[in-house]
Amino acid sequence: MSRIGPCAARAREQGRGLLIPYLVAGDPDYDTSLALMHELVARGADMIELGIPFSDPSSDGPAIQRGVERALAGGATLAGVLELARRFRQRDGQTPVILMGYLNPIEIMGYGEFTSGCAGAGVDGVLVVDMPPAEAGDLPNLLAGREIDRIFLVSPTTSPGRAREIIEYTSGYLYYVSLKGVTGAALEDRGSVAENIAGLRNLTDLPIIIGFGIRDEETALAMNALGDGVIIGSALVEKIEALPPDAAGHPEAIGEAAELIGKVRRALDHEKFHGGNLSGNHDGKRVS
Amino acid sequence: MPEPAAELGAEFAGPDESGHFGPYGGVFVGETLARAVAELAEAYASLSAKPEFWREFDADLADYVGRPSPLYLAERLSEAWGGARIWLKREDLNHTGAHKVNNTIGQALLAKYMGKTRLIAETGAGQHGVASATVAARMGLECHVYMGAEDIVRQAPNVYRMKLLGARVLAVESGSRTLKDAMNEALRDWATHVDHTYYIIGTVAGPHPYPRMVRDFQSVIGREARRQFLERAGALPDALVACVGGGSNAIGLFHPFLGDRKVAMYGVEAAGRGLDTPDHAAPLCAGRPGVLHGNRTYLMTDEQGQILDTHSVSAGLDYPGVGPEHAWLKDLERVRYVGATDSEALEAFHQLTRLEGIIPALESSHALAWAGRLAAKMNREQNLLINLSGRGDKDIEAVARLEGANFGTA
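Residue numbers (our numbering), protein chains in the order written: chain A, 329 to 616; chain B, 71 to 480.
Chain B extracted, bound-state conformation (with noise of 0.2 Å):
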């Protein structure tokens, strides 16, 4: 795999070879999935190590996702914060919308490699989705989407671009019919049909090879931001920000990052209606280590092992867990994990908006709320970095009705 850009210490080096960062991570799957999962591991170990792997990747990424993503310096947005200098790393311009891509490119490779001939995909927001129904398009794969019933009316315009590629969409009603349940029920697809069928997990949670396996295609963020970052200021950022559902944006972004001890880095959880209300999404600020969906990591859990409902505004973040690097890198204090509320990411979605003419994701609007408030108390020498991972085309419905705007009538 490519080396990230600065030498790693050793407590960053993880996962070791079974999977785990520390305490996090690791292998909880029921026996039927447990081969299936090895042989993943397996074949990305074998796979990873190869540099034509790596070569047909960056190919895909340069000629299908039209990457590198640009560095964008937003003046109007550091002159209204009034403090650093705010960049924008633009995933949001990424073929299909997010950052999502880069991993359901690398993942449909291996899939390719192992001889599976369909996809399956759990969706919050609907982008991984639509990012996997593209690739399954792409190469001419089945593809079947888990997704929460509850999201499928939040997130209507995706679900019907996951019907144009040619995807089925699978209404998840079972639990809280959100993305949890939507990858309950891909787990349970992938253990019936586990000889043919490829699971692309969206992001860095689930049973190993998937947190490490997920990272590593994300990082293709954080190396090319540090690259265009020397070129462009001659200096490293002093602080990166990013949102954390899942995690696999912000790990995109900090991994290649983690050795330059002098880079602040920020993950913002969905706060919901407030971190001291129950209704948020936030298990790195106020949940506890607990395993679900294949790992050990922080989680929204009871008091009684019962995973709680969660609440965001944003369906992507909208998720009772997050990957298990993440939750090493918070004990570790390496990143610090904070959250932005509901009302918070929509008033910098709208900042945005109408200052750079950038409609954001809901789930960047998170990165973007907090990085406002950061941004106030550095000085104007300072550059301050954020994941802007995806474009809001696929929220405005969701944002008029919130506001009790009339969609679709001047």
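Next up, chain A with everything else stripped away, as it sits in the complex (with noise of 0.2 Å):
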């Protein structure tokens, strides 16, 4: 059973936006990313997006594709993303985890060897960037038999008609792209997300998530006022690859990595007592 539903279920309650870090499974290697893992969650993650490198990842940016190459340098695999997601389940019984990546390792996994193993993992939902639903063969009923969510993302250039299609076969949370381009690029037409979130409340009740562009605070917070949470990968790849070697024996290094989504975790429930104001003032002071 996926817990994304009753985690997005528990922050529409409260108010509060959903904060979505990601991070290339594996980079540099898998005890770095399970000790980030558990210290993003410490530091407010409601859900984590764990990336299954792959050696072509063309929807994403320069900071993505370092942090993929440095998990590949480190041997990662689709089965060893699985293996690290199912011990951050030994000590996290709670928080969802969604692996995102490109079709290929699937494909070669095979798509009934993949389901099983996300089942066996604890792996709460399913991303892949270059499947739409319309060449997704068997894969959304594998995932939907073991209770697994089926994510998928809709884009500025996304169609009302497709976005019907495309909600039809989405479970979980809808991610909305924010930008035209490629993970980490400069989040520039706020306006335009603001108009086609708002088209896209019209046709679904699932919670909107709201990725690429969102690198801090401020863009955290302008993004998160207009759909349900906020996607964070680049940004904190970046901290990632400025970590030292063997991060994972260095707790204060992890801990300093995963304060970007502290401090994020912080501006936005300032926002949701406080709201309001979207220009940033996320100092401690009280806005209202």
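Errors might be hidden in some of the hints.
[Stated by the list, open to error] Just the calculated beta-carbon pair ranges, DEER-fashion: (1) B/Glu403 x A/Pro461: 29 to 37 Å; (2) B/Gln452 x A/Glu493: 48 to 56 Å; (3) A/Asn530 x B/Leu234: 36 to 44 Å; (4) B/Glu109 x A/Asp517: 35 to 43 Å; (5) B/Ile466 x A/Ala570: 41 to 49 Å; (6) A/Ala337 x B/His266: 52 to 60 Å; (7) A/Gln418 x B/Ala80: 33 to 41 Å; (8) B/Lys182 x A/Glu341: 31 to 39 Å.
[Unchecked claim] To give a feel for the contact side, a few chain A residues facing chain B, derived at Cβ under 8 Å: (9) Arg344; (10) Ser387; (11) Thr405; (12) Ile436; (13) Gly438; (14) Val457; (15) Ala462; (16) Glu463; (17) Leu467; (18) Thr486; (19) Pro573.
Derived from the structure by calculation, the hints contain no laboratory data. Beta carbons are placed, not taken as given, at the ideal position from N, Cα and C, and that holds for glycine.
These two chains come separately, so use the hints to put the complex back together.
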């Protein structure tokens, strides 16, 4: 049973924005990823997106490309990612874990083996970046059979008709891509995000989480105000890039990298209690 | 679109409406590109239904590219190989020196009708980059060409040609720094500048409609060759041979002959240092089906689903995937896919140069190398048609370097 629905429902009841960090699994090694995952939760992450390293990440910008290269250089594999999720689940029975990646590693492993691997590891959702619903074959049904959520992307270029079709396939949350471009690009056209999210609200009650281009408190607040939460990837992966070697054995270094999420969490919660100001006055002073 | 010369069987009529050739092909792209790809498919479907589009295409091919390209009977080569009569389809004589321009002419027309102002392209050997920069110059469009940093070194003359033509050549430093990484970078660019940018893919791979569209543009090769062959030899050739990287020159030659069941077809992949080594670029001979760059096809992929680094002496064949229609034709056993090694290709490169006074591209040299073996097993009454897909001027520096000759001195 996926943990995503209950987690999103709790956040909705409490009126708090969902905060979902993304990291590349095995960047630069599994122990560091595992330490980071727990630390991210401790600092306020609601769910974790775990990137499956793939040699040709054509929807990702430079920061995540480098993260993927580090993970692959360290020998990361899809089987290893599932094992990482399983190890995380041993200590954390609550926080939803979503695997995000490209289709080829999943296709080569086989959809059946992948699905049971996810179920066995306690994975809650799967997002395959280069697999539109029309090309998904029996993967969605296999995942649904194990009660694993199927997350799909909607972008600024998605037509309303297509969005309707995507939503039919989607469970857990809808991932709204905030910009035309790759992960980590600059968020420029915020007006169109507001408009597009409003359109999507008419089509679905699914939580809408916004990602791509969100890198600090200011962008997180602005986007969270439009949706039900935010995903932070490239900015976190850049922090991971700056970690010292053997970071897994240095809790203070792990804490420092994860503090990006801590800061955003405090900003989102502050916003919730003191509301309204999108300009980013989140230094602890009361705004109202 | 122009009808193929012979009746195609239902199995060769692909792709279907959603871009599938059997289990291959399709549209595996990130959501940001989904609409652009769909719009392209619509635009192509609508334009390719209009005879005037093809009249404009044919006129450009005639007056600008210099088509039809000749069909040449290579008598000394036939003699040397001691078997079938060898015919060369002279795509090397096209403007810009290879078959690539057939496709860029067609796609540039499409870009114009779609109102796009900026062209992007990926390139390996640089031939497609040059062909793209050429049509961009002719139409006054901005052009950015992505090229692996490794290939920029291997194909310096083509880099300079692109610059002369006004294109910006962008070095790709990620991954293996070759053609596949250039394609990743072009896809990222397209997603970022999707409103006004047209992505000219150089081969019959990528998401639908590219495999079909590029095939349609390149099929001029096979249509001409079939007509020329009937005129000159009074019969169809017994066998066709073409090199296969992404596979655009091969599908261009093969497609109009698919319905001619008696015509055997051979696609020659780059066997690099040998198909029994990891150093090759032969997904059809030694790979397995997977998903990359928008389509499902045979790939060079490891057990973990990572795309493998490929190796070929020829930058234009150094690609871990292949067009989905080739994957389908392999499964249907209509085309046989084989390999030629680096050294076999180099030997053929010299052989054609010395016997016929034609310097072939290293890519095309793979087709020649395998054709030589096939020809020897055929008799003198039989006819073998090889697609000489490009000329080797771009390669002479690389060949000199490989063979330890001192390029540029006596």
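Okay, the hints, checked on the actual structure:
1. B/Glu403 x A/Pro461: 29 to 37 Å: Holds, at about 33 Å.
2. B/Gln452 x A/Glu493: 48 to 56 Å: With Cβ atoms ~53 Å apart, the hint holds.
3. A/Asn530 x B/Leu234: 36 to 44 Å: 53 Å, violated
4. B/Glu109 x A/Asp517: 35 to 43 Å: Taking Cβ atoms as reference, glutamate 109 of chain B and aspartate 517 of chain A lie about 20 Å apart, which means the hint is violated.
5. B/Ile466 x A/Ala570: 41 to 49 Å: 47 Å, holds
6. A/Ala337 x B/His266: 52 to 60 Å: 42 Å, violated
7. A/Gln418 x B/Ala80: 33 to 41 Å: 54 Å, violated
8. B/Lys182 x A/Glu341: 31 to 39 Å: At roughly 55 Å between Cβ atoms, glutamate 341 of chain A and lysine 182 of chain B fall outside 31 to 39 Å, so the hint is violated.
9. Arg344: 27 Å, violated
10. Ser387: Holds. Min distance 4 Å.
11. Thr405: Constraint on threonine 405 of chain A satisfied, holds at 4 Å.
12. Ile436: 4 Å, holds
13. Gly438: 10 Å, violated
14. Val457: Valine 457 of chain A check passes; min Cβ-Cβ to chain B is 5 Å, inside 8 Å.
15. Ala462: 7 Å, holds
16. Glu463: 5 Å, holds
17. Leu467: Since chain B brings no Cβ nearer than about 12 Å to leucine 467 of chain A, farther than 8 Å, the hint is violated.
18. Thr486: 6 Å, holds
19. Pro573: It is violated, given that the least Cβ distance between proline 573 of chain A and chain B is near 23 Å, above 8 Å.
Checked against the numbered hints given earlier, this structure breaks hints 3, 4, 6, 7, 8, 9, 13, 17 and 19; the rest are met.
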